[in-house]
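Participant: Quick note on numbering: the sequence shown equals residues 0 to 101 in numbering that gives the first Met the number 0.
The hints are all genuine.
Result set (PhoX-like, lysine-lysine): computed pairs, CA atoms no more than 20 Å apart in a straight line:
#1 68 - 93
#2 29 - 19
#3 43 - 82
Everything labelled a hint here was simulated from the structure, so no lab data went into it.
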Amino acid sequence: MNIEDDAAPTQSDFIENWVKIGASARNKIKEEHKDLSYDDQCNKCEKEAVNVSLGNLLSYPFVRAAVVKNTLAIRGGHYNFVKGTFDLWELDFKTTPAFAFS
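Produce the complete structure using the sequences and hints provided.
Facilitator: Here it is, written out as structure tokens:
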């Protein structure tokens, strides 16, 4: 939540590029939960970043096909080490029929 959007590049771009994957989660939480405290926003952002990763998994055709066929279930998890709790949720995945234009 606190990496600058326009931060100057560092000597290693690996971590920075990896963290950018979660930018959509950060932006969503900042927009939808601006009334929450910074700590609560961070907690929600951590969970939303898991959802982003679940969505990224679906970009692999073999994963998407297995989820559609119900031969693979994808779940997200978040461990809160301060509270000692673990949240587990299933991917909310829906397919829609293809629509053909004539």
